[in-house]
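Chemist: Spelled out, the chains give:
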Amino acid sequence: MLIDTGQKFLKKLSAEHMWKKSADSRVPLTIGLPRMFFYHIYPDLWETFFSELGIKPIVSGPSTAKTVEKASQISETEHCLPNKLFDAHLAELVGKVDMVFVPRVLSTIKNHLSCPKFGPLPDAARADIARGTEVLSIDIDETVCPLSDSLMLLGKKLNMRRDRTVSAIERAFSAMEAAKKNTARPAGKKGRPHFLLTGHPYTIHDNFIAGPVLNKLASMGADVELISFADNTPSKSYILWSTANAIYHKLNTISADEYDGVIQLTVFNCGCDSMMIETYRQLVREKNIPYMYIMIDEHSAQAGVDTRVEAFIDSLRWRQ
Amino acid sequence: MTYMAIPNIGNYTIALATAVESLGIKAWASTATTPEALKLGISAAPESVCLPMKAHLGHFIEADRAGVEYAFMVNSVGTCRLRYYRHMIGRILKDMGLKIKIFGLGFDGFKPPIVRYFDPGPLTFLKPIFHTALKIKVIDELEVAAWRTRPVELTQGDTTRVMNRLLVELSESGTMASTRAIRKKAARCFDEIPIDRDKQPLRVGLVGEISFLRDKCLNKNIEYILGSQGIELRNFFLLGEELNNISRIVLLNQNRRKYLSRIADRYLQCTVGGHALDSVAHSIRCADEGYDGMVHLCPSGCMPEVSVRPILKRVSKDKNIPILEMSYDEHTCGVGIATRLEAFADVLRERRKKQVNK
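As given, the protein sequences belong to chains A and B, one line each in that order. Under the numbering used here, the first residue of the first sequence is numbered 1, with each subsequent residue one higher. Under the numbering used here, the first residue of the second sequence is numbered 1, with each subsequent residue one higher.
Each statement offered as a hint is correct.
With a straight-line Cα cutoff of 30 Å, these simulated DSS-like cross-link-like pairs (lysine-lysine) come out:
1. K313(B) / K157(A)
2. K70(A) / K317(B)
3. K236(A) / K250(A)
4. K157(A) / K258(B)
5. K236(A) / K99(B)
6. K94(B) / K236(A)
7. K287(A) / K94(B)
8. K127(B) / K184(B)
9. K317(B) / K96(A)
10. K258(B) / K110(A)
11. K185(B) / K137(B)
12. K287(A) / K101(B)
13. K96(A) / K313(B)
14. K26(B) / K99(B)
15. K70(A) / K319(B)
16. K39(B) / K99(B)
17. K236(A) / K181(A)
18. K313(B) / K70(A)
19. K236(A) / K101(B)
20. K99(B) / K287(A)
21. K66(A) / K313(B)
22. K94(B) / K250(A)
23. K216(A) / K66(A)
Chain B is nowhere near these chain A residues, computed Cβ spacing over 12 Å in every case:
24. G211
25. S235
26. D257
Calculated from the structure, these hints are not laboratory results. Small disclaimer: the values here were computed from a predicted structure and weren't measured. We treat Cβ as the ideally placed atom computed from N, Cα and C, and that holds for glycine.
The task is simple: from the sequences and hints, build the whole structure.
Modeler: Below, the structure written as structure tokens:
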């Protein structure tokens, strides 16, 4: 019922014509990767894939206060913060590269969905920010076909030889696995508070959104474990959004011995989080683990986050 | 008498109330969210969820306070937040200690759980269902007639009066024969309204999120404001058409979305979710059909509708059609909306004058 039959048909059609040479497409020398959304969802995958194909990937810089300032000027006012930052990252790349890469990430795990905002992302880029630059895009929908097939299609779009694409995909996948393992942090030493930081992959790895929280926690001498999204076959729940489902299951399995507290990082105007936060809070409350959620918006700064994190850690001390 | 609260979708609530009678119970409903219900919903819901959710929640809280035992909530199979409404509303109501029981659609064996629970006889069940279909058709016709007549009426308010009278009669009509009589009468009633026959009203399409297209309280009566400004509206949500589409998906595997995605292909190659694709496709179609402008409604922070806004802006530039983007939240005030719409109507009028003079 979830699958749009029209899309499935198109996929089948394009797979049939996959290896016929298309004359009009050209191979770019450089390709721009905005450091948002899919860059964090598939860490290291895109850089490795494109450089294996002989295309130089150029990634926009980490988000800073300047990026946010730019975002508030050029982006749609009612977007969520990551989407605004995405627009700013895209604007940074436009003009410097031959092509920008914006995939349409419809689902990252089979029979799950990603945020509906990812659907029109390439179209919105073409319509507004990246107008004048070519936007390279593929549909990533694990419900219809696995990621490797989508990447094969991308190789075809770039006029690459089949064996070259295959080897590039292999390298890219192993790089992604390694990167996903790297983000898992070691277990905390005794005597230091150990926290779990949850949120979307593109919020907990973003410099502007998660940076202040991680800095403060590190300076307070706390260990932080970022939630991992490496599990590709999660058990089902009533939640179909894949990241929300992963967080839900993680919070379901943790115990008070493992973590001293859970910090939920959320962004202003995030639709998924607005529905789910109450569920998360209830789950963690039942296990008697302290829980705090920090909402980051355009006006957030280190000082505000500092106060909240300090107060949270202080309240944990009183608890003991 | 047992009562069941149903979510309101504007005037169509009248038809849905008849559908509830098929279960042998009565409906507790209103054609527009009351401000009191909205207030209750806002205080009970998490702060950043969208406004339709708060309206639904408030409606159910109000129902519980009035002593209603059951409630019905639609299920969505889409990608947006609507999918989790029922689950969330159920949980919030439980936390508040309210006893109201919420049913959803969905099949449990041969019968949906709601039918199994009340277990009406086949005759009590089927007759109101056909009656509902007829009522939906009549309301569709009334809506269309009202959009056409309101901008050209000579005495302001005539159309609204006729419309309201007919809707009251329709809600009181208990048999299919009387509904058919109202249907015949409706055409005559609208013909009798004195109108200015030479006037060529501006034409504006209304697209966006469905509960805002339908609920007079949420959209601050936008149809009336635009209509009395001399604008012929076309609201792109008619429940009859929507149900027709669903039955065609089920029976013939023909989805209207396929047709819409062909129209919108140059701008949007994805169905997104909600009614975002419809908004883009209808805007393009209206521009091609020579409409004077579009109004795009959505609650503040609506996931699908907000994400297509850059595309709507591009359509507006390419096709040279003004698109007014309105977003509503708890603090939206009717006067502010009226001012913006009047200004928009002025712009459209000047624009048409310029085109005529060219």
